[in-house]
Amino acid sequence: MEIKELMNLILDGYCGEDKKYKRIVYFISNFTSAIVFFIIHLIYNYYSGIVALMFISILIILLGAILIIRRRKLGIDTYSYFNKFMSEIVCYGLVCIVISSISVFFIYPSLLGVFIGSIYGLLMTVEGVLFKSFIRKFGGLLLIFSTLIMIIYLDYQFLILGIVQMIIAILNLLNIEK
Amino acid sequence: MDNIFNSEVRVKILALLYGMEYCEYNYILKKLDTTHGNLWSHLKKLEKEDYIEINKYPLKKGVRTVIKITNKGSKKFREYLNELMELSKKKP
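Those protein sequences? They're chains R and C, same order as listed.
One point on numbering: in UniProt numbering, the residue at position 140 of the first sequence is 140, and numbering is uninterrupted.
One point on numbering: in UniProt numbering, the residue at position 91 of the second sequence is 91, and numbering is uninterrupted.
Incorrect hints may have been included.
[As the list claims (entries may be wrong)] Sample of chain C residues lacking proximity to chain R, with all beta carbon distances greater than 12 Å (derived): (1) Lys12; (2) Gly19; (3) Glu24; (4) Lys31; (5) Thr35; (6) His36; (7) Glu47; (8) Ile54; (9) Arg64; (10) Lys68.
[Unchecked claim] The calculated lysine-lysine pairs, modelled on DSS-like cross-linking and capped at a C-alpha distance of 30 Å, are: (11) C:Lys90 with C:Lys68; (12) C:Lys31 with R:Lys132; (13) C:Lys90 with R:Lys19; (14) R:Lys137 with C:Lys75; (15) R:Lys84 with C:Lys90; (16) C:Lys60 with C:Lys72; (17) R:Lys137 with C:Lys72; (18) C:Lys72 with C:Lys61; (19) C:Lys61 with C:Lys90; (20) R:Lys19 with C:Lys89; (21) R:Lys20 with C:Lys89; (22) R:Lys4 with C:Lys75; (23) C:Lys48 with R:Lys137; (24) C:Lys61 with R:Lys4; (25) C:Lys48 with C:Lys61; (26) C:Lys30 with R:Lys132; (27) C:Lys72 with C:Lys45; (28) R:Lys4 with C:Lys60.
I should point out that these hints are in silico values taken from the structure, not numbers from a laboratory.
Beta carbons are placed, not taken as given, at the ideal position from N, Cα and C, and that holds for glycine.
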């Protein structure tokens, strides 16, 4: 047996994941996030005052909870070290999303969706790189680049975010990767 | 070198498990493209030598077999890998 073959197997072990399970979980979480962003868009554009703010806060917390549960549930059958690292990265990423959302909300609230989109996109791209997943890399980049469109159409930022999340959810369901 | 490393299948099993916290039996079976009987006999040998841990959990339908590399298994595999690297460097 060649060393190269052995090294490839070690790398396979590090990147190991339960693809079928992840695909289903990713579809559910992206689909739910998309719905949440559509609701945020409606609240943001058609309602105002403290009730709207409360709704947005609850929805963002809900989104975070979905992400945490998703991460906890992943890799039940196959739990590699990259899964372990990614769980930690996602936890720090969520802290970053929450803190930067609070900061942006008080300084420039209209850029909230842009911030959430770019950080979430980065997290998705990192996961795509670690697990050699084209869909997650593509989805992450799509989220990052969609923030440029969000800046142009600021009033529709959450709608754009929701549409992109929906596209990623459908891509996960299509089972393009083996 | 340990006689555990005489078998290519056992080396491959350890290589795969080296980067993992744990994994399911079917994952190894799929990755190594071997037969059920062959894989199971090698896993049993590795378990006997305390290189891996095999745990079974009952499910509604069947049993879930989870395999994990032990500290001893990780250490021995690392040593084997280092030896292999040294040997490959010495080759002209």
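Each hint tested on the structure:
no. : hint                  : in the structure
1   : Lys12                 : violated (6 Å)
2   : Gly19                 : violated (3 Å)
3   : Glu24                 : violated (4 Å)
4   : Lys31                 : violated (7 Å)
5   : Thr35                 : holds (18 Å)
6   : His36                 : holds (17 Å)
7   : Glu47                 : holds (18 Å)
8   : Ile54                 : holds (15 Å)
9   : Arg64                 : violated (8 Å)
10  : Lys68                 : violated (9 Å)
11  : C:Lys90 with C:Lys68  : violated (33 Å)
12  : C:Lys31 with R:Lys132 : holds (16 Å)
13  : C:Lys90 with R:Lys19  : violated (40 Å)
14  : R:Lys137 with C:Lys75 : violated (34 Å)
15  : R:Lys84 with C:Lys90  : violated (36 Å)
16  : C:Lys60 with C:Lys72  : violated (33 Å)
17  : R:Lys137 with C:Lys72 : violated (36 Å)
18  : C:Lys72 with C:Lys61  : violated (33 Å)
19  : C:Lys61 with C:Lys90  : violated (52 Å)
20  : R:Lys19 with C:Lys89  : violated (37 Å)
21  : R:Lys20 with C:Lys89  : violated (40 Å)
22  : R:Lys4 with C:Lys75   : holds (20 Å)
23  : C:Lys48 with R:Lys137 : violated (42 Å)
24  : C:Lys61 with R:Lys4   : violated (39 Å)
25  : C:Lys48 with C:Lys61  : holds (28 Å)
26  : C:Lys30 with R:Lys132 : holds (18 Å)
27  : C:Lys72 with C:Lys45  : holds (14 Å)
28  : R:Lys4 with C:Lys60   : violated (41 Å)
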